[in-house]
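Chains as they are written, first to last, in my numbering: chain A, 1 to 268; chain B, 1 to 271.
Treat the hints with care, since some could be wrong.
Straight-line Cα separation of at most 25 Å, PhoX-like style, residue types lysine-lysine; simulated pairs [as the list claims (entries may be wrong)]: (1) Lys115(B) - Lys135(A); (2) Lys173(B) - Lys115(B); (3) Lys135(A) - Lys253(B); (4) Lys173(B) - Lys77(A).
What the simulated footprint calls covered on chain A by chain B, stretch by stretch (three residues with Cβ under 8 Å from a Cβ of chain B suffice, anywhere in the stretch; the number is not a length) [unchecked claim]: (5) 72-85; (6) 102-109.
Rather than coming from a laboratory, the hints here were simulated on the basis of the structure.
Yeah, the Cβ is synthetic: ideal placement off N, Cα and C, and Gly gets one too.
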Amino acid sequence: MGSAAAPLIRVRSVSKTFRAGRALVPALEDLSIEVQPGEFVSLVGPSGCGKTSLMMIIGGLIEADRGEVTIHGEQVKGPFTNLGIAFQSPELLDWRTSLQNILLQIEMRDLPVREYRAGALRLLSEVGLEGFADKYPYELSGGMRQRVALCRALVHDPEILLLDEPFGALDALTRDQMNYDLQRIWLEKRKTAILVTHSIEEAVWMSDRVLVMTPRPAKVAADIAIDLPRPRDLEIKTSPTFNEYTGRIRRIFGDLGVFRMGEARRGG
Amino acid sequence: MAADSARPSGDGTSRAVAWVAPTVATLACLLVWEAAVRWFGVPIYLLPAPSGIVYKMFADYRIFYVQAIPTLSAILIGFGMAVAIGVPIATFMVYSPLFRHSVEALLITAQVLPKVALAPLFIVWFGFGLLPKVLMTFLIAFFPVVIDSVIGLASVRPESLMLVRSMGASRWKAFWKIRLPYALPSMFGGFKVAITFAVVGTLVAEFVGSDSGLGYVLVVARGDLDTLTVFAAIGWLVVIGFFFYYAVELLEKFVLRNRGRSRAHELGAGL
Ligand SMILES: Nc1ncnc2c1ncn2[C@@H]1O[C@H](COP(=O)(O)OP(=O)(O)OP(=O)(O)O)[C@@H](O)[C@H]1O
Ligand SMILES: [Mg+2]
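Whole structure, please, built from the sequences with the hints as guidance.
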């Protein structure tokens, strides 16, 4: 990634505190990140640290208390729409089939639905859901629903992808497959993508850069450029370089006190 | 057909059971009633037998038919108004907290107010025609429509709304395509309660003062100690109640035909 290029997404000293009844929950504090055009960045961090909140703020869906987000140098105020977003839960509408759920993206934008139909069907088959176009969400497994949601985030060919643990409900095998498929789609279109994931392996395998987040309130603890050639295959996961990256991230989490291993240590 | 009736319905019982069980139960009750009346020789002015009531319902159908028309009109118009006014009010309540807080107390007051006590006043104000009946019906049917619509419209997942906002959808579109469809199951729940209330509302108005309708027939027959006619009128009111209830349910089935069974429902059915 040319470091000379201006960043596409720029998050500057963003803070966000939620109010839960009487208590104040600081989710983000003075957090800054930059994402270059066409870059694939992953966020890894402990559960509840503020990753989802950050994604929402980048998309202009919730407002930061302090700081600002700019995309293309313009401050994000209100929903940014040149965007494909996959939430942590699939958010499919019960009364629409897979295909209709994907095409909601097109309908809401007043784009010609008919022209996007073929593209939507192709996306479905690319994520292994050929023949499921006319199924309703209740007929799909949890993992299938998440894949439909991913298609919905891609169908309108947005400039930016925000993916909040889109593969959270998938088994390890399907997950590998989905990583593979997503990489292929991404290599084809070179979207700027931010992926939130709990899996360190997934983060390293998918990304140009992994941002390791601290426990709440989230800050960037480490910014690790992943220098592995693309297209990456699954073999690469057994390579020493790959494992060096994952090991490094685990150690950072260890230093942050994210793992509670006291019992096991004492026992051993 | 056989395969169809064996297919499980929403709560896991087969369709055959869903039809046969209530029919058998109802018939059993009627049979006990019939037998008791005949066995003990209960005089007809105290309690007529079901067979006699059904016979009367059809023998005097001309009277009932004529008198059913104002009753049916009042129920339909009153219920229609409750929906036509209740749903928009519920929508405003969901979108504007200020409006919601303003009208909430008023709504509850209107609901706990004994409306039967108002019925005589309605006659003073509006006379004997259709109007006081429609108003009473509307007043009684209004509350469940508003409450269940508010619950439904407020139940939309915030993530779903965020999703369509990221698609650049207008509020209007988000309402039609997301919020309203989300609310429909709950709204239909309210409509079903409301339609049964509507039947009661019309009857109350006809009881208190009116010169037409099945309620009026009831009051006159009671005055004549014509218990058989009283029961026949009640019989037709039951038929009307069932008819409207199932009409709303049929409409619900049609509108929600694509929803399928949600998995939560499946899991919760046994609890
Ligand atoms: N709307 C809200 N109201 C109150 N508190 C909130 C709200 N949204 C998030 N929080 C709190 O902010 C913190 C960060 O939440 P967030 O969803 O961003 O975490 P996360 O990093 O995405 O976690 P996970 O990995 O488990 O999804 C949590 O402690 C959460 O309880
Ligand atoms: Mg999250």
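Structure-based check of each hint:
{"no.": "1", "hint": "Lys115(B) - Lys135(A)", "verdict": "violated (49 Å)"}
{"no.": "2", "hint": "Lys173(B) - Lys115(B)", "verdict": "violated (38 Å)"}
{"no.": "3", "hint": "Lys135(A) - Lys253(B)", "verdict": "holds (19 Å)"}
{"no.": "4", "hint": "Lys173(B) - Lys77(A)", "verdict": "holds (21 Å)"}
{"no.": "5", "hint": "72-85", "verdict": "holds (count 5)"}
{"no.": "6", "hint": "102-109", "verdict": "holds (count 5)"}
The structure fails to meet hints 1, 2 from the earlier list, while all remaining hints are met.
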